[in-house]
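Colleague: Going by this note's numbering, the first residue of the sequence shown is number 4, and it counts up by one from there.
None of these hints come from the bench; they were simulated from the model.
All of these numbers come straight from a predicted model, not from anything done at the bench.
For every residue, glycine included, the Cβ atom is placed at its ideal position computed from N, Cα and C.
Heads up, some of the hints might be wrong.
As the list claims (entries may be wrong) - Have a look at the derived ranges for each label pair, beta carbon to beta carbon:
| id | residue 1 | residue 2 | range |
| --- | --- | --- | --- |
| 1 | Asp412 | Lys47 | 17 to 27 Å |
| 2 | Ser279 | Glu56 | 41 to 51 Å |
| 3 | His242 | Lys47 | 22 to 32 Å |
Claimed, not checked - In silico DMTMM-like cross-links for lysine to aspartate or glutamate, where the CA-CA straight-line distance does not exceed 25 Å:
| id | residue 1 | residue 2 |
| --- | --- | --- |
| 4 | Lys245 | Glu201 |
| 5 | Lys245 | Asp218 |
| 6 | Lys245 | Asp86 |
| 7 | Lys221 | Asp60 |
| 8 | Lys47 | Asp397 |
| 9 | Lys221 | Glu178 |
| 10 | Lys229 | Glu321 |
| 11 | Lys294 | Glu201 |
| 12 | Lys213 | Asp239 |
| 13 | Lys229 | Glu322 |
| 14 | Lys14 | Glu363 |
| 15 | Lys47 | Glu260 |
| 16 | Lys229 | Glu210 |
| 17 | Lys117 | Asp86 |
| 18 | Lys47 | Asp34 |
| 19 | Lys380 | Glu284 |
| 20 | Lys350 | Glu363 |
| 21 | Lys380 | Asp412 |
| 22 | Lys380 | Asp397 |
| 23 | Lys173 | Asp34 |
| 24 | Lys73 | Asp34 |
| 25 | Lys349 | Glu399 |
| 26 | Lys259 | Glu190 |
| 27 | Lys380 | Glu5 |
| 28 | Lys154 | Glu260 |
| 29 | Lys229 | Glu7 |
| 30 | Lys350 | Glu374 |
| 31 | Lys173 | Asp249 |
| 32 | Lys259 | Asp319 |
| 33 | Lys259 | Asp218 |
| 34 | Lys47 | Glu322 |
| 35 | Lys173 | Glu24 |
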Amino acid sequence: MEMEALVSLAKQRGFIFPGSEIYGGLANSWDYGPLGAQLRMNIKRAWWRDVVEQRNDLFGLDGAIMMNPKVWEASGHVATFHDPLVECNKCNHRFRADDVQGTICPDCGGALSKPRDFNTMFKTQIGPVSEQGTSVYLRPETAQAMFVNFKNIMQSMRPRLPFGLAQIGKAFRNEITPGNYIFRTLEFEQMEIEYFIEPETWETSFETWKQWMLDWAKTTGIDLAKVHELEVPAADRAHYSKRTVDFEFDFPFGRKELWGLAYRGDFDLTNHSQASGERLEYTDPTDPKRKFIPHVIEPTMGVDRTLLALLVSAYDEEEVNGETRVVLRLTKEMAPYQVAVLPLSKKDELKAVAQPLLQELMRSFRCDYDETQSIGKRYRRQDEIGTPYCITVDFESLNDQQVTVRERDSMQQVRLPLSQITHYLSDHGLTS
């Protein structure tokens with residue numbers, strides 16, 4: 004598929020809009036429309052359910068975006084969170100040094116400067132007067148809130164190893180060369196876990212989480228044929244990582260990182276313990292004299308890249324009766340709308356059947372209602388946004404109290420009594 008086709012569909016159908024578009028936009032800023040916002044919510048809800056609500060070894064957390072700047076000093080971000088930057092002496096465009104070849108600007112052919120470090124954290128001030136305010140950073144990752152709250156979790160929840168903290172939240176990075184649609188943006192949302200373990204169990208735990216991430220990708224509808232594991236060499240790993248596996252995905256613009264899995268050792272808890280003076284230790288309940296700093300496995304998954312991978316995986320074109328049908332084959336859980344109710348006309352007598360049916364279905368499923376244009380065009384519109392089932396209310400429904408249910412992927416239709424619709428959809432995999 005061509006990226007342009009997906010971008011066009013996403014805008015036309017209300018998934019993703021350019022940010023601040025009426026004012027000419029803001030580079031690499033994107034807004035999520037009604038369907039995109041719902042798809043994001045479905046991703047986050049599925050992840051939160053699977054890692055927090057259906058497990059007893061993981062606890063949720065919602066940390067602040069702005070934290071004491073000492074947090075970022077202790078974590079190493081102030082000293083090491085840099086990208087190599089080069090700038091064209093002619094057009095002044097900036098690039099990551101590792102994204103360009105040689106010393107020639109890829110945009111205008113001018114000479115590039117020597118690489119210099121560029122800190123990618125956004126810095127701001129709190130206080131009424133910026134010159135007298137306290138400097139703080141917008142968090143570049145969600146992880147640190149989980150580490151600095153380790154002591155609070157130990158005291159309030161009394162967990163036993165292994166256990167983890169999970170968080171969904173925004174992070175901000177002043178990227179040198181953001182781009183490729185929503186793949187790399189200035190603000191993004193992470194779904195991140197810090198899983199605390201006994202040091203000697205890290206390899207087993209790492210493999211367990213690696214398999215879990217692959218299983219979750221399959222469950223949500225990501226095409227595993229497009230997913231590849233990359234063992235990151237030591238020279239390319241983050242400063243805190245003792246092992247990192249990147250899950251890469253074949254996007255239309257190339258194979259790029261989708262998710263990451265890192266073994267952080269005891270780097271974070273040790274540094275925060277030393278910097279804060281607080282003892283961030285775990286006490287073995289079977290041997291109270293045994294106190295130690297747990298090690299950490301970190302599965303990191305971005306909401307935005309997950310959404311893009313889902314759209315790429317789901318997008319399909321096929322020929323039907325000499326015409327091209329565009330279909331988003333999203334899973335029933337991920338689809339923004341699960342059911343569309345389509346009265347054959349706008350006549351009041353059909354609305355008298357369609358509207359009560361809609362109200363009933365909305366109690367169990369995510370529903371759309373569409374009564375404009377021909378039924379064929381409405382089917383195509385629902386196919387393009389990934390709706391698994393369409394229900395057509397026609398004039399026969401007034402007499403036989405039955406409606407036609409159309410399945411998205413096969414386009415097969417079945418006639419069913421109104422009283423059976425909710426059960427039929429539930430039996431075919433729809434859940435609220």
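Colleague: State for each hint whether it applies.
Modeller: Each hint tested on the structure:
{"no.": "1", "hint": "Asp412 <-> Lys47: 17 to 27 Å", "result": "25 Å, holds"}
{"no.": "2", "hint": "Ser279 <-> Glu56: 41 to 51 Å", "result": "31 Å, violated"}
{"no.": "3", "hint": "His242 <-> Lys47: 22 to 32 Å", "result": "29 Å, holds"}
{"no.": "4", "hint": "Lys245 <-> Glu201", "result": "15 Å, holds"}
{"no.": "5", "hint": "Lys245 <-> Asp218", "result": "24 Å, holds"}
{"no.": "6", "hint": "Lys245 <-> Asp86", "result": "20 Å, holds"}
{"no.": "7", "hint": "Lys221 <-> Asp60", "result": "23 Å, holds"}
{"no.": "8", "hint": "Lys47 <-> Asp397", "result": "37 Å, violated"}
{"no.": "9", "hint": "Lys221 <-> Glu178", "result": "30 Å, violated"}
{"no.": "10", "hint": "Lys229 <-> Glu321", "result": "20 Å, holds"}
{"no.": "11", "hint": "Lys294 <-> Glu201", "result": "11 Å, holds"}
{"no.": "12", "hint": "Lys213 <-> Asp239", "result": "19 Å, holds"}
{"no.": "13", "hint": "Lys229 <-> Glu322", "result": "24 Å, holds"}
{"no.": "14", "hint": "Lys14 <-> Glu363", "result": "30 Å, violated"}
{"no.": "15", "hint": "Lys47 <-> Glu260", "result": "19 Å, holds"}
{"no.": "16", "hint": "Lys229 <-> Glu210", "result": "20 Å, holds"}
{"no.": "17", "hint": "Lys117 <-> Asp86", "result": "13 Å, holds"}
{"no.": "18", "hint": "Lys47 <-> Asp34", "result": "17 Å, holds"}
{"no.": "19", "hint": "Lys380 <-> Glu284", "result": "62 Å, violated"}
{"no.": "20", "hint": "Lys350 <-> Glu363", "result": "20 Å, holds"}
{"no.": "21", "hint": "Lys380 <-> Asp412", "result": "16 Å, holds"}
{"no.": "22", "hint": "Lys380 <-> Asp397", "result": "16 Å, holds"}
{"no.": "23", "hint": "Lys173 <-> Asp34", "result": "14 Å, holds"}
{"no.": "24", "hint": "Lys73 <-> Asp34", "result": "32 Å, violated"}
{"no.": "25", "hint": "Lys349 <-> Glu399", "result": "15 Å, holds"}
{"no.": "26", "hint": "Lys259 <-> Glu190", "result": "18 Å, holds"}
{"no.": "27", "hint": "Lys380 <-> Glu5", "result": "23 Å, holds"}
{"no.": "28", "hint": "Lys154 <-> Glu260", "result": "33 Å, violated"}
{"no.": "29", "hint": "Lys229 <-> Glu7", "result": "19 Å, holds"}
{"no.": "30", "hint": "Lys350 <-> Glu374", "result": "10 Å, holds"}
{"no.": "31", "hint": "Lys173 <-> Asp249", "result": "21 Å, holds"}
{"no.": "32", "hint": "Lys259 <-> Asp319", "result": "21 Å, holds"}
{"no.": "33", "hint": "Lys259 <-> Asp218", "result": "19 Å, holds"}
{"no.": "34", "hint": "Lys47 <-> Glu322", "result": "34 Å, violated"}
{"no.": "35", "hint": "Lys173 <-> Glu24", "result": "22 Å, holds"}
Violated hints, listed in ascending order, are 2, 8, 9, 14, 19, 24, 28, 34; each of the other numbered hints is respected by the structure.
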